[in-house]
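Undergrad: Respectively, the protein sequence lines represent chains V and F.
Quick note on our numbering: the first sequence kicks off at 1 and runs consecutively.
Quick note on our numbering: the second sequence kicks off at 1 and runs consecutively.
A couple of the hints might just be wrong.
Derived pair list, reagent style BS3-like, types lysine-lysine, alpha-carbon separation capped at 27 Å [what the hints assert, rightly or not]:
1) V:683 to F:41
2) V:255 to F:178
3) V:684 to F:198
4) F:41 to V:684
5) F:198 to V:255
6) V:465 to F:41
7) V:683 to F:22
8) F:41 to V:622
Computed footprint of chain V on chain F; a stretch qualifies when at least three of its residues, placed anywhere within it, have a C-beta under 8 Å from a C-beta of chain V [unchecked claim]:
9) 29-36
10) 41-54
11) 90-103
FRET-style restraints, in silico, Cβ to Cβ [said to hold, decoys possible]:
12) V:149 to F:144: 51 to 57 Å
13) F:138 to V:612: 49 to 55 Å
14) F:161 to V:255: 44 to 50 Å
15) F:177 to V:607: 54 to 60 Å
16) V:525 to F:180: 31 to 37 Å
17) F:88 to V:363: 54 to 60 Å
18) F:144 to V:525: 52 to 58 Å
19) F:144 to V:253: 22 to 28 Å
20) F:88 to V:674: 31 to 37 Å
21) V:100 to F:20: 36 to 42 Å
22) F:88 to V:186: 31 to 37 Å
23) F:180 to V:96: 21 to 27 Å
24) F:177 to V:467: 49 to 55 Å
25) V:525 to F:163: 31 to 37 Å
I should point out that these hints are in silico values taken from the structure, not numbers from a laboratory.
The beta-carbon is built from N, C-alpha and C at its ideal position, and this holds for glycine as well.
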Amino acid sequence: MPLLNCEPCACTKCGAILNPYSRVNFQEKLWVCPFCLECSYLPPRLVNAADDNIPQELQACWSTVEYLLPTQSTPPAFFYVVDICMPAEELQALKESILLSITQLPSDSYVGLITFGTVVQVYDLTSTDITKSHVFSGTKDLTVEQVAEMLRLDPRGGSPLLCQVQQCDVALQTILDELVPDPWPLQEGCRALRSTGAALSTAVSILECLMPNLGARIMLFINGPCTQGPGMVLGSNLQETMRAHVNIETNTQLKHFSRAQKYYQALARRAAGKGHCIDAFMCARDQIGFLEMRDLVECTGGLTVLTDSFTQEVFKLSFSKMFDSTQRELDMAFNGILTVQTGKEFKVAGALGHCVSLERKSPSVCDYEVGIGGTCAWKMCGLNSTTTVALFYEITNQHGVEVPQGSFPVVQLRTEYTHPSGRRILRVTTHAYQWADPAKDLVDTGASFDQETAACLVARLAVHKTATEELVDTLRWIDRTLIRLVTKFATYTKGDASTFALSRNFSLFPQFMFYLRRSRFLRLFNHTPDETAYFRTVLNRETVLNMLTMIQPSLLTYQFGQPPTPSLLDYSSINPEHILLLDNYFRLVVMHGTTVAFWRSQGYQNEPSHAHFKALLEAPNKDIQDIVQERFPVPSVLICDQNSSQARFVVSQLNPSLAQQSRVDTSGGAPGENYFSDDVTLKKFMDYLMTLAVQGQ
Amino acid sequence: MFIWNFIKSVLEWTGLLNKRGKLVFLGLDNAGKTTLLHMLKYDGVIPQEPTQMPSSLLFALPSLFLHSSLPISSPFTVYEELKIGNLRIGAHDLGGHEEARLVWKEYYHGVNAVVFIVDAVDRMRFPEAKRELDRLLNDESIANVPFLVLGNKIDMPYAASEDELRSALGLRLATTGKGQGISRGVRPLELFMCSVIKRRGYGDGLRWLTQFF
Ligand SMILES: Nc1nc2c(ncn2[C@@H]2O[C@H](COP(=O)(O)OP(=O)(O)OP(=O)(O)O)[C@@H](O)[C@H]2O)c(=O)[nH]1
Ligand SMILES: [Mg+2]
Ligand SMILES: [Zn+2]
Chain V
1 MPLLNCEPCA CTKCGAILNP YSRVNFQEKL WVCPFCLECS YLPPRLVNAA
51 DDNIPQELQA CWSTVEYLLP TQSTPPAFFY VVDICMPAEE LQALKESILL
101 SITQLPSDSY VGLITFGTVV QVYDLTSTDI TKSHVFSGTK DLTVEQVAEM
151 LRLDPRGGSP LLCQVQQCDV ALQTILDELV PDPWPLQEGC RALRSTGAAL
201 STAVSILECL MPNLGARIML FINGPCTQGP GMVLGSNLQE TMRAHVNIET
251 NTQLKHFSRA QKYYQALARR AAGKGHCIDA FMCARDQIGF LEMRDLVECT
301 GGLTVLTDSF TQEVFKLSFS KMFDSTQREL DMAFNGILTV QTGKEFKVAG
351 ALGHCVSLER KSPSVCDYEV GIGGTCAWKM CGLNSTTTVA LFYEITNQHG
401 VEVPQGSFPV VQLRTEYTHP SGRRILRVTT HAYQWADPAK DLVDTGASFD
451 QETAACLVAR LAVHKTATEE LVDTLRWIDR TLIRLVTKFA TYTKGDASTF
501 ALSRNFSLFP QFMFYLRRSR FLRLFNHTPD ETAYFRTVLN RETVLNMLTM
551 IQPSLLTYQF GQPPTPSLLD YSSINPEHIL LLDNYFRLVV MHGTTVAFWR
601 SQGYQNEPSH AHFKALLEAP NKDIQDIVQE RFPVPSVLIC DQNSSQARFV
651 VSQLNPSLAQ QSRVDTSGGA PGENYFSDDV TLKKFMDYLM TLAVQGQ
Chain F
1 MFIWNFIKSV LEWTGLLNKR GKLVFLGLDN AGKTTLLHML KYDGVIPQEP
51 TQMPSSLLFA LPSLFLHSSL PISSPFTVYE ELKIGNLRIG AHDLGGHEEA
101 RLVWKEYYHG VNAVVFIVDA VDRMRFPEAK RELDRLLNDE SIANVPFLVL
151 GNKIDMPYAA SEDELRSALG LRLATTGKGQ GISRGVRPLE LFMCSVIKRR
201 GYGDGLRWLT QFF
């Protein structure tokens with residue numbers, strides 16, 4: 001993708017950027033905007049353009065180009081907001097990770113540090129010999145003005161609270177070295193007092209004063225729930241327990257829920273308003289209140305990691321990967337704005353992803369809303385190479401005016417963002433679609449169906465729906481969507497399910513829906529609200545490929561003398577002599593079949609005569625390494641044996657084709673002897689779907 | 001009205017009207033805690049991942065469980081029709097793997113009883129199960145709380161017998177009997193064998209346990 005060091009040429013009437021779908025007359029130095037058909041002059045820098053000298057922004061091979069915008073560049077700021085209510089070994093591990101990250105940061109970036117427990121402490125990073133800090137109460141909700149006055153924040157001058165790494169790394173090191181778990185005594189029968197809300201609010205206020213609309217991220221590290229002050233999600237008395245799914249469904253015993261949620265939502269909007277993003281690194285064995293805090297991340301494009309402990313690889317590797325600059329520069333961008341412009345054939349109905357609406361109206365916006373709608377522009381304060389936003393469009397011919405068959409409606413996506421170097425960049429993607437009207441031409445419409453992407457869009461919509469409606473309604477909506485689609489695009493003789501067939505680019509879609517319905521995004525049992533919220537948050541920002549792995553985990557089989565083969569996500573893939581690798585995005589589980597496990601326990605892998613067995617045991621390692629390399633958050637990796645306790649990580653994901661049902665007596669020894677499930681099988685699901693589909697409407 | 005009052009007094013007498021209980025389900029990983037709770041709540045089996053964070057749920061023990069604990073003379077049918085008297089149970093399902101056990105102690109507050117589940121097939125882990133059970137039985141903060149120990153998976157061919165498991169867990173002299181009521185000042189503790197998958201045995205155990213609420 002070309003990076004052009006010049007100002008983009010915009011249509012004087014509608015603001016669209018010059019692109020390969022513009023008609024250009026090089027003799028007259030004129031171009032016609034494909035959106036509004038306005039004719040404008042080419043800018044002076046393109047006077048030499050000609051048919052044999054086509055500028056890159058007009059070359060059809062570049063649907064995306066970037067422009068370097070002429071603005072002053074300011075390096076980004078990184079604000080560490082650290083919970084200190086945790087055991088010493090946890091804090092030690094966290095400190096090590098933070099120290100490492102500081103060495104990874106570009107040396108001109110700004111850093112700040114806040115710690116919190118019973119009180120909130122903001123550190124002065126200019127003093128090297130004694131640690132100076134400002135102490136705030138953890139129970140007060142201070143306004144920006146109050147914080148600005150108390151800390152004497154001056155947007156024009158520098159502040160000792162936010163310094164460039166190269167100037168404060170020694171001071172930071174000293175402060176972190178001296179940091180100990182919250183020294184305030186714990187009351188009998190009580191949890192630690194943790195002022196997460198007050199601490200976050202302070203960080204947001206400081207950045208709001210010192211770095212408005214400049215790249216900055218607040219990195220929150222937490223080990224437990226906020227138990228006092230604004231944003232409190234759980235009382236400190238141990239008698240109170242964290243809300244569960246049942247409380248949310250029935251709206252009972254939700255003492256702090258809506259107040260906390262509103263508090264964090266407001267905070268998220270404040271941060272987003274100034275272009276700042278908030279990451280949450282949550283390492284705890286119990287819920288910390290992520291359900292309430294979710295908007296902090298989703299509205300600002302922050303990153304999240306949820307795992308047991310700061311000592312775990314999942315946290316350590318993920319966090320250090322964030323600052324990995326082996327690819328030349330950090331993979332992060334700040335303060336992004338995405339603008340969508342459409343032709344008159346279709347309009348944008350909304351977006352789903354980690355963004356907030358900028359409430360900008362334009363002729364490209366339709367009245368109908370899907371997700372975050374009613375706007376043509378969204379803010380994404382934090383984004384990186386895998387940030388993926390789903391955009392929904394409405395076809396305007398549904399309102400009378402028909403789109404001519406075979407025409408090429410255009411859409412332009414403009415993303416303005418701050419590069420980690422501080423430079424401002426505009427990315428322009430222009431795309432034309434060949435128009436096929438489903439009412440007239442089912443074959444062409446069907447041929448352009450992308451089932452993988454469609455499954456991901458359904459998943460995002462479903463997750464979005466769960467926020468406002470009952471889960472059963474969401475599941476019914478998925479069913480209806482699927483039935484309508486196959487009724488339309490499958491071939492069958494009416495009333496005869498045996499004639500039902502789907503063309504290749506539809507054939508996997510029903511299966512994706514089957515696994516989506518039973519996925520961790522839509523099944524709540526055995527997960528806490530925090531876990532569910534976390535899974536949904538990650539789903540909401542990842543790429544299509546990553547989302548697919550989450551919806552339908554991938555399963556690889558390793559066996560003697562054969563390359564790894566993708567296998568059905570089904571009980572029938574379990575074989576005593578094979579090794580399976582299950583990838584559900586969050587976890588990689590290697591499962592040794594019983595025979596493999598037996599040989600391993602006999603130590604065959606250590607005998608030179610069984611080198612091939614050793615090779616089999618080691619075969620998954622390479623694939624695991626590759627996945628761990630490219631994924632965020634880094635998945636947790638574990639190795640287990642078939643029928644062991646941890647094998648449940650694999651078995652629970654499989655289609656229970658061979659399982660025994662609890663009501664059916666199969667004492668005679670059925671094929672899936674050790675597997676029990678009353679769950680719907682894929683076959684049953686498909687049979688039912690086909691029966692419904694061939695009935696037609 | 002008279003009938004209603006009569007029923008009410010019977011229920012009050014049996015102590016079941018509007019009664020709620022709070023249970024905590026403990027045991028090593030893979031014992032069957034989550035499977036049992038799923039069965040109690042949804043009457044079916046769905047394979048689950050190992051529990052990571054403590055979840056809480058609410059379910060009603062079906063009146064089926066309660067029938068046999070009501071006095072013979074009580075008006076069953078009316079009782080069922082009125083749909084009252086279902087015992088509402090709040091349950092905490094905690095993970096059983098080693099790190100997850102670190103949070104067990106945060107869920108002891110205000111529980112009416114502990115249900116401790118043991119995989120009766122996994123003999124290798126009986127000592128580990130015993131260690132955890134002993135630790136719980138000696139914990140001051142739940143000193144008088146009734147304990148139901150369930151030996152699960154007896155549908156499997158090599159499952160330990162009740163006798164074997166009783167010895168392995170060191171419960172020979174400690175259990176207090178499966179009958180109604182026990183002497184005052186003694187913590188109720190009993191072992192019941194069950195198969196969650198085959199819907200057997202845990203009903204007796206829970207029925208025994210709820211008499212102490
Ligand atoms: N044969 C048999 N298997 C059972 C029975 N009950 C449970 N299981 C199996 O044993 C395993 C128990 O899994 P869970 O219920 O998730 O165990 P848990 O106690 O919740 O484990 P953690 O969440 O890790 O603490 C599952 O694979 C069940 O299918 C039973 O009665 N008979
Ligand atoms: Mg469990
Ligand atoms: Zn235009």
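Undergrad: If a hint holds in the structure, say so; if it does not, say that too.
TA: Okay, the hints, checked on the actual structure:
Of the supplied pair hints, the one linking residue 683 of chain V and residue 41 of chain F holds, its CA atoms being roughly 26 Å apart against a limit of 27 Å. For the suggested pair residue 255 of chain V and residue 178 of chain F, the alpha carbons sit about 40 Å apart, so the restraint of at most 27 Å is broken. Among the hinted pairs, residue 684 of chain V with residue 198 of chain F is consistent with the structure: their alpha-carbon atoms are about 23 Å apart, no more than 27 Å. Distance restraint check for residue 41 of chain F and residue 684 of chain V: the Cα-Cα separation of roughly 24 Å lies within the 27 Å cut-off, and the hinted pair is therefore satisfied.
Distance check on the hinted pair: residue 198 of chain F and residue 255 of chain V sit about 39 Å apart at the alpha-carbon level, beyond 27 Å; violated. Simply put, residue 465 of chain V and residue 41 of chain F have alpha-carbon atoms about 25 Å apart, close enough for the 27 Å limit, and the pair holds. Annotation: proposed proximity of residue 683 of chain V to residue 22 of chain F is violated, straight-line Cα distance about 40 Å (limit 27 Å). Restraint check for residue 41 of chain F and residue 622 of chain V: not satisfied, since their Cα atoms lie roughly 42 Å apart, outside the 27 Å limit.
With 3 residues having a beta carbon nearer than 8 Å to a beta carbon of chain V, the segment 29-36 of chain F meets the requirement of three or more and the stated coverage holds. Under a criterion of three residues with beta carbons nearer than 8 Å to beta carbons of chain V, the stated coverage of the segment 41-54 of chain F is upheld, 13 such residues being counted. Look at the segment 90-103 of chain F against chain V: 7 of its residues bring a Cβ nearer than 8 Å to a Cβ of that chain, three or more, so the hint holds. In this structure the hint that residue 149 of chain V and residue 144 of chain F lie 51 to 57 Å apart at CB holds, the actual value being about 55 Å.
Taking the beta carbon of each, residue 138 of chain F and residue 612 of chain V are about 51 Å apart, inside 49 to 55 Å as hinted. Between residue 161 of chain F and residue 255 of chain V the beta carbons are some 47 Å apart, a value that agrees with the proposed interval 44 to 50 Å. Checked against the given bound of 54 to 60 Å, the beta carbons of residue 177 of chain F and residue 607 of chain V, roughly 56 Å apart, stay inside it. Our hint of 31 to 37 Å for residue 525 of chain V and residue 180 of chain F holds, since their Cβ atoms are close to 34 Å apart.
Between residue 88 of chain F and residue 363 of chain V the beta carbon distance is about 57 Å. The supplied range of 54 to 60 Å therefore holds. A beta carbon spacing of about 32 Å between residue 144 of chain F and residue 525 of chain V contradicts the range 52 to 58 Å that was offered as a hint. The supplied range of 22 to 28 Å is met by residue 144 of chain F and residue 253 of chain V, whose beta-carbon atoms lie about 26 Å from each other. In this structure the hint that residue 88 of chain F and residue 674 of chain V lie 31 to 37 Å apart at CB holds, the actual value being about 34 Å.
A hinted range of 36 to 42 Å for the beta carbons of residue 100 of chain V and residue 20 of chain F is inconsistent with their spacing of about 50 Å. In this structure, residue 88 of chain F and residue 186 of chain V meet the distance hint of 31 to 37 Å, their C-beta atoms being roughly 33 Å apart. The hinted window of 21 to 27 Å between residue 180 of chain F and residue 96 of chain V is violated, with their beta carbons roughly 58 Å apart. Between residue 177 of chain F and residue 467 of chain V the C-beta distance comes to about 51 Å, which sits within the given range of 49 to 55 Å.
Separation of residue 525 of chain V from residue 163 of chain F is about 35 Å and conforms to the stated range, judged on CB atoms against 31 to 37 Å.
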